[in-house]
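Q: Chains as they are written, first to last, in UniProt numbering: chain A, 1 to 287; chain B, 1 to 287.
Hints may contain errors.
To be verified - Below 30 Å or equal to it, Euclidean Cα-Cα: the simulated DSS-like pairs (lysine-lysine) are:
1. A:K76 x B:K76
2. A:K76 x B:K77
3. A:K77 x B:K76
4. B:K77 x A:K15
It is worth saying that the hints were derived from the structure and are not from the lab. Please read these numbers as outputs of a predicted model, since none were measured by experiment.
Number of protein chains: 2
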Amino acid sequence: MAVTTKATIASFGGKLLKLSHNAKTTGCEMSFNLYLPPQAFVSGGQKVPLLIYLSGLTCTADNCSEKGFFQHGASKKGIAVLYPDTSPRGLGIQGEDDAYDFGSGAGFYVDATLPPYDKGYNMYSYITEELPATVFEAFASQIDRERVSITGHSMGGHGALTLFLRNPGKYKSVSAFAPITNPINCPWGQKAFKGYFGEDNQEKWKEHDATELVKKWKGPLNVLIDVGTGDNFYKQGQLLPENFAKAAQEADIKGVQIRYQPDYDHSYYTMATFADDHVEHAAKYLF
Amino acid sequence: MAVTTKATIASFGGKLLKLSHNAKTTGCEMSFNLYLPPQAFVSGGQKVPLLIYLSGLTCTADNCSEKGFFQHGASKKGIAVLYPDTSPRGLGIQGEDDAYDFGSGAGFYVDATLPPYDKGYNMYSYITEELPATVFEAFASQIDRERVSITGHSMGGHGALTLFLRNPGKYKSVSAFAPITNPINCPWGQKAFKGYFGEDNQEKWKEHDATELVKKWKGPLNVLIDVGTGDNFYKQGQLLPENFAKAAQEADIKGVQIRYQPDYDHSYYTMATFADDHVEHAAKYLF
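Next up, chain A with everything else stripped away, as it sits in the complex (with noise of 0.2 Å):
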C-alpha cells in the first residue's frame, strides 16, 4: 500500500500533499489529495482526526483542495482533509470517457455490478476501505483512524449521505454540499445506476439511494445540509432534498438540518463560502 508523493504545498500553517497509489479495487493508480493541519506536525503532538470530502461528477481531488477553502477551517480545528478521486482513470474501457455524467469522473460512490465497469469501477468499495487503509499506514502517527467524519458535494453529496447510512458507526458525522439525495429518481442517478448495476436491478439501486436509506436509519441522524436556491441542478430536480427531507420526517429521523441559501450556485463559490460551517459541524463529532 505505498503512497507515491507527487507534490507537498504550504496551505494554511498545515500541508497539502498530492499524493497517489496503485489501487486493488480500481485496478490502476489513483490520485488523491491530503491536508495535513500545523497539529499533525506538533512533535509528540496528539493524532489528529480525518475528515473526507467526496467530489463531484466531473472533479478530481484538485477542485476542492483549491477552490473548497476546506483547509482554512481544518487548520484551525486541526482536523486532516482527505480529497480522493471521482472514478478510476484510464481503464481503457470503451465510452468510458465519452460523457461528463457517467464512466471516468463519474463513479458515483458505488461497486459496478454490470459488465464492462464491474472491472475497476468499485468507487464504494475503494472510499469505504482501501483508500482509507492506505492512509491510515502511511500517515500511522499522525491521522486518528478512530475518528474519521465525510462530506462531499453535489455526486460526492450523494457519496457522503450513502456511504454513511450504509455504515453505521464508521463516521462520527456526515454533511453534504447540494447532494443527489434520492439518484434512483433523478436523470443522473438513473443514467449511472443503469450503466453500473443495470435497468432491471432496483433493488441495488435502492441499495445506494440515500431517500430510500434514511427511511431504515435508527437514531438521530445529525446532518448537515447546504442546497443553494440559485443551483440550476436542483431546479431541474438532480438533487431532490425535499425527496429526503420528506423521508426522514416520516421515518421520525430526528437531527436532519438543511438550510437553503439564497441565490447560492452548484459552484466553488458555494464551498468556499459554507465550508467553515462544515467543518465546524464534523468537529462537533470529531472532538
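Chain A is fixed; fit chain B onto it per the hints.
A: Relative to chain A, chain B alone:
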C-alpha cells in the same frame, strides 16, 4: 462606459459579478470581476471602499476570484474587491499569444511605447484611470471612489507597488504577494520592458521598477509583502525582494514589512492562506 454583466454569483454573503466593458485604452472588450460585500447591499447603508487585486502572469480575473479567498476577509470588513484582467485580449498583434510571460496575459501594468504593442497594451492607464472610472460610475451608489487600496501577486505585485509609488495619495495602502520588485534586474522584467519600451529606453524601465521608485519615496510606506521561501521564482531571482528592502532601507523608508513565509510557494495556496492578512492591512487604511 457601459458595463455588461456576464454572471452574478453569491459568495460569502455578497455577490461576485463577472463583468466586461469596451475599453478605450486597450482597444478591446475587457473582462473583469467585482466582489460586492454584503455591506454594499444594505439599503441606505454607507458606500464601501475598494481593494484592487492585480493578477500575475497568465491569469484572468477568475483565478483569484476562485482561489484567492479575498472574499472571505472582504465580506467581514465590508470591502469591495476589483479583479481586472492582465492584458488586452485578441488585438491580433502578431506573436502576442506566443509566450506566457509577454503579450497577452502579461501586460505588466505599463503603457507600451514600442510598436506594435503601443497599440492597446496600455494596462497602466487602464488600471489607474479607465477601469476604476468605469466601476465608480456603474456602482456609484455602492462604492466609495475616495477610498481605494491596491494589492497583487507576482507581476500583479509589481503592478501594485509601482502604481502606488508612482501615484502618491491615489491609493490608501499597498500590499503584495511574491511581487516582482526589481524588474529591470530580472529575466521576466527585462523581457517585458524590452518588448514594451525598447532595449535603449532605460529611463522608462526605471519609471516602472519598484526598487528604483522607492528610492524617491517621501515619508512612510506602510507596505505588507509576503514571499514564500519555497517559491521557485523567488529562488530563481525573478522577485528580488532583498533589492527592494535594501533600497528602502538606504532611503530610510519606514513601514516596509516583508514576511518570508517558510515553504510557501508561488501558487494561490499562498494567497488563500494570507489573503485575510492583506485585507486586514488594507482595512487599516480604508477605514
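Q: Sort out whether K76 of chain B lies within 30 Å of K76 of chain A, counting only the CA atoms.
A: Given that 30 Å is the threshold and the Cα spacing comes to 18 Å, the pair holds.
Q: Please verify whether K77 of chain A and K76 of chain B have alpha carbons no more than 30 Å apart.
A: It holds: about 20 Å lies between the C-alpha atoms, which stays within 30 Å.
Q: Going straight from one Cα to the other, do K77 of chain B and K15 of chain A come out at no more than 30 Å?
A: Between K77 of chain B and K15 of chain A the Cα gap is close to 28 Å, so the pair holds against 30 Å.
Q: What's the verdict on K76 of chain A and K77 of chain B, does the C-alpha distance respect the 30 Å limit or exceed it?
A: 20 Å, holds
Taken one by one, the earlier hints all hold for this structure without exception.
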